[in-house]
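Kindly generate the complete structure, drawing on both the sequences and the hints.
In the working numbering, the protein residues as written are 486 to 733.
It cannot be assumed that every hint is accurate.
Okay, derived cross-link-like pairs now, DSS-like style, lysine-lysine, Cα gap no bigger than 25 Å in a straight line [said to hold, decoys possible]:
id	residue 1	residue 2
1	628	667
2	711	628
3	716	667
4	711	674
5	673	542
Computed beta-carbon distance windows for the label pairs [claimed, not checked]:
id	residue 1	residue 2	range
6	548	716	34 to 40 Å
7	487	725	30 to 36 Å
8	487	654	41 to 47 Å
9	524	705	36 to 42 Å
10	510	486	21 to 27 Å
Honestly, the hints are just simulated from the structure, not real lab data. The structure displayed is predicted, hence computed values, not measured ones. The beta carbon of each residue, even a glycine, is placed where N, CA and C say it ideally should be.
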Amino acid sequence: MKKITARPYSLRDVPFHYCPGCMHGIAHRLVAEVIDELGVSGRTIGISSVGCSVFAKHYFNVDMIQAAHGRAPAVATGVKRVLPDRVLFTYQGDGDLAAIGIGDFIHTASRGEKITTIFVNNTVYGMTGGQMAPTTLIGQVTKTTPFGRSVEINGNPIRVCELIAPVEGVAYVERVSLHNPKEIIKAKKAIKRAFEMQLNGIGFSLVEALSACPTNLGLSPLEAIKWMEEKMIPFYPLGVYKSPAGVV
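Shown next, in the form of structure tokens:
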């Protein structure tokens, strides 16, 4: 019988621990498949930060470094400058990247550091109990916004792709979603393009992957997907926000 699929070499043969309906596992597999297809597993270094993203170090079969909360881009910068032949990626969530780590993120991008950031946006602090994140939607109920996020009290959500795309030094920015097979295929293509930006020495690249957190949304996995389609994607439109000329 012909074998048509298998676990990527760059993904360790261990079970995922994530909650039912969480899409971190999908993101992990896509990154691992891209690393394999590009043939760079032996020289790839991943930087995981704090939040649900912290567990990435347990699953990728490449060298991994654990950074302090929000500091993954700074750590990646240091490693890349010392070892410029390595392929560096950070794996971060919205609480990590868009809150405590937003300064490191923006300045890393503005310097045009040749690293790739995989940013998983599920609009909530997942691991620490479901508090409001910088990306929490207006009206969204969280542990710290029990009546829904309010513009007057909590401010507006941060749209990371729109924020970072105009910054000099940024080569490639795309927002994708992981909620159905069609979008997952597109997400893999985006992740591959982002890594290729780095391999070609063009500059900083970011892929924002919209994900669901059914546990903290208080929804079933299927209900969480519907919520993404109806609430999340309209506010965070999918697509390429920046790309070098000739790269689609």
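Verification of the supplied hints:
no. : hint                  : in the structure
1   : 628 - 667             : violated (32 Å)
2   : 711 - 628             : holds (21 Å)
3   : 716 - 667             : holds (19 Å)
4   : 711 - 674             : holds (24 Å)
5   : 673 - 542             : holds (20 Å)
6   : 548 - 716: 34 to 40 Å : holds (38 Å)
7   : 487 - 725: 30 to 36 Å : holds (35 Å)
8   : 487 - 654: 41 to 47 Å : holds (45 Å)
9   : 524 - 705: 36 to 42 Å : holds (40 Å)
10  : 510 - 486: 21 to 27 Å : holds (26 Å)
The structure fails to meet hint 1 from the earlier list, while all remaining hints are met.
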